[in-house]
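Residue numbers (UniProt numbering), protein chains in the order written: chain A, 1 to 311; chain B, 1 to 53.
Any given hint could be a false lead.
Stated by the list, open to error - Derived DSSO-like pairs: lysine-lysine, alpha-carbon spacing no greater than 30 angstroms straight-line:
(1) A:98 / B:16
(2) A:287 / A:147
(3) A:280 / A:91
(4) A:272 / A:30
(5) B:43 / A:91
(6) B:9 / A:98
(7) A:91 / A:284
(8) A:98 / A:147
(9) A:284 / A:272
(10) A:202 / A:30
(11) B:16 / A:30
(12) A:91 / B:9
(13) A:203 / A:280
Claimed, not checked - Now the stretches of chain A that chain B is said to cover, found in silico as 3 or more residues with beta-carbon under 8 angstroms:
(14) 47 to 56
(15) 132 to 143
What the hints assert, rightly or not - For each label pair, taking beta carbons as the anchor points, the in silico distance ranges come out as:
(16) B:26 / A:105: 16 to 24 angstroms
(17) A:275 / B:36: 57 to 65 angstroms
(18) B:32 / A:287: 32 to 40 angstroms
(19) B:35 / A:277: 51 to 59 angstroms
Just so you know, these hints were derived from the structure itself, not from any lab. All values reported here derive from a predicted model rather than from experimental measurement. All residues carry an ideal CB built from backbone N, CA and C; glycine is no exception.
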Amino acid sequence: MSLAERHDMMENAAWTGGDGSVGDYIALMKPRVMSLVIFTAFVGLMLAPGSVHPVIGAVAILCIAIGAGASGALNMWYDADIDEVMSRTRKRPIPSGKITPEEALAFGMTLSIGSVVTLGLLVNWFAGAFLAFTIFFYAVIYTMWLKRSTPQNIVIGGAAGAFPPMIGWASVTGTVSLESFVLFLIIFMWTPPHFWALALFKKGDYETAGVPMLPNVAGEMNTRHQILAYSIILAPVGVAPYIMGYAGLAYGIASALLGLVFLVLALDVWRKREGTPAQKACLKLFKFSIFYLFALFALLLGENLVTGVMA
Amino acid sequence: MAENEQGIKLTAEQEKKRRSRSLAIAGVLIGLVVLFYIVTIVKLGPDIMNRPL
Numbered sequence: 001m002s003l004a005e006r007h008d009m010m011e012n013a014a015w016t017g018g019d020g021s022v023g024d025y026i027a028l029m030k031p032r033v034m035s036l037v038i039f040t041a042f043v044g045l046m047l048a049p050g051s052v053h054p055v056i057g058a059v060a061i062l063c064i065a066i067g068a069g070a071s072g073a074l075n076m077w078y079d080a081d082i083d084e085v086m087s088r089t090r091k092r093p094i095p096s097g098k099i100t101p102e103e104a105l106a107f108g109m110t111l112s113i114g115s116v117v118t119l120g121l122l123v124n125w126f127a128g129a130f131l132a133f134t135i136f137f138y139a140v141i142y143t144m145w146l147k148r149s150t151p152q153n154i155v156i157g158g159a160a161g162a163f164p165p166m167i168g169w170a171s172v173t174g175t176v177s178l179e180s181f182v183l184f185l186i187i188f189m190w191t192p193p194h195f196w197a198l199a200l201f202k203k204g205d206y207e208t209a210g211v212p213m214l215p216n217v218a219g220e221m222n223t224r225h226q227i228l229a230y231s232i233i234l235a236p237v238g239v240a241p242y243i244m245g246y247a248g249l250a251y252g253i254a255s256a257l258l259g260l261v262f263l264v265l266a267l268d269v270w271r272k273r274e275g276t277p278a279q280k281a282c283l284k285l286f287k288f289s290i291f292y293l294f295a296l297f298a299l300l301l302g303e304n305l306v307t308g309v310m311a
Numbered sequence: 001m002a003e004n005e006q007g008i009k010l011t012a013e014q015e016k017k018r019r020s021r022s023l024a025i026a027g028v029l030i031g032l033v034v035l036f037y038i039v040t041i042v043k044l045g046p047d048i049m050n051r052p053l
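Turn these sequences into a full structure, and let the hints steer you where they fit.
Here it is, written out as structure tokens:
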């Protein structure tokens, strides 16, 4: 979009209220990321010791979800220029011209403040402050600073995606603990192999956009080493809730097996370095990584619900 | 602004989108009122009327 076109659109938007539909604003909140955040935050909330009134629990999850949506909107506002050149993101509301960057910024800020204040007032202020920090971490530390400046962007930025179960936990207890930190650590260690498997697959896209993803900067070989290294750490971290005693034997066995499969697939990515077999191995690891994380948290939740019913 | 003095005519599509946005905002506001009302009741608990005078 040229500068003149953009100016026309903004001027017009001031009178018409913009061209975005409700669906476009929902897309701005990255609903798929939100669904993962809702799920992991809910698991954190359920696993936390003590109890919380179901209504307060639901409010906490709602606020965390809206906070995640706010982060998504702020991310799309700042990253509109790179979204425009990547095939995966070209159809997002800002690059496609449905929402102006100014509207996205206002929307993101309103949701950020709204979700933090509501969580603070209705649940507890520790959880509210934690949510505020998470939004700041994702929008400022990751999006504005790290994403465009270091190939380790998603390692540190991944922390923002790993905080929700801790916020869910803090909504019940008003604090953080080693147990909730382990939930954070599982997602934190999972993020690099998950994204780098995708980055190896979509290398060209990030190159066009000038985003320093690891395969473009450090090379594919180095990326494969790091995927393997993180997978070696991830596999035992996944079993930690069982070792620490807040997950049962079923979780212990399943998480060990899932970790083993993760490791085998990461090894496959490390071994196959050329052509279609390499691409297939990356895609396989990427797809399995989504299942892996979902399965671990679903098992934690399932066990918790079963123990709750039996108690 | 000259354009505004003449009045901007919204297209049918723009009218439709503006209406749906307005309804969504109304829904969110009503939802917030209901939410704060329910949470207030939950937080106060059933014993609020049962206090020494």
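Here is how each hint holds up against the structure:
1. A:98 / B:16: Between residue 98 (chain A) and residue 16 (chain B) the Cα gap is close to 14 angstroms, so the pair holds against 30 angstroms.
2. A:287 / A:147: Given that 30 angstroms is the threshold and the Cα spacing comes to 23 angstroms, the pair holds.
3. A:280 / A:91: 26 angstroms, holds
4. A:272 / A:30: Not satisfied, since the Cα-Cα distance of roughly 33 angstroms exceeds 30 angstroms.
5. B:43 / A:91: Distance of about 44 angstroms is beyond 30 angstroms: violated.
6. B:9 / A:98: 19 angstroms, holds
7. A:91 / A:284: 26 angstroms, holds
8. A:98 / A:147: 25 angstroms, holds
9. A:284 / A:272: 12 angstroms, holds
10. A:202 / A:30: 20 angstroms, holds
11. B:16 / A:30: With Cα atoms ~24 angstroms apart, residue 16 (chain B) and residue 30 (chain A) stay inside 30 angstroms; holds.
12. A:91 / B:9: 28 angstroms, holds
13. A:203 / A:280: Between residue 203 (chain A) and residue 280 (chain A) the Cα gap is close to 14 angstroms, so the pair holds against 30 angstroms.
14. 47 to 56: holds (count 3)
15. 132 to 143: violated (count 0)
16. B:26 / A:105: 16 to 24 angstroms: Hint holds: Cβ distance 23 angstroms, inside 16 to 24 angstroms.
17. A:275 / B:36: 57 to 65 angstroms: 59 angstroms, holds
18. B:32 / A:287: 32 to 40 angstroms: Once the Cβ atoms are compared, 39 angstroms apart, the range 32 to 40 angstroms for residue 287 (chain A) and residue 32 (chain B) holds.
19. B:35 / A:277: 51 to 59 angstroms: This hint holds: roughly 53 angstroms between Cβ atoms.
Violation of the numbered hints given earlier is confined to hints 4, 5 and 15; the remaining hints are satisfied by the structure.
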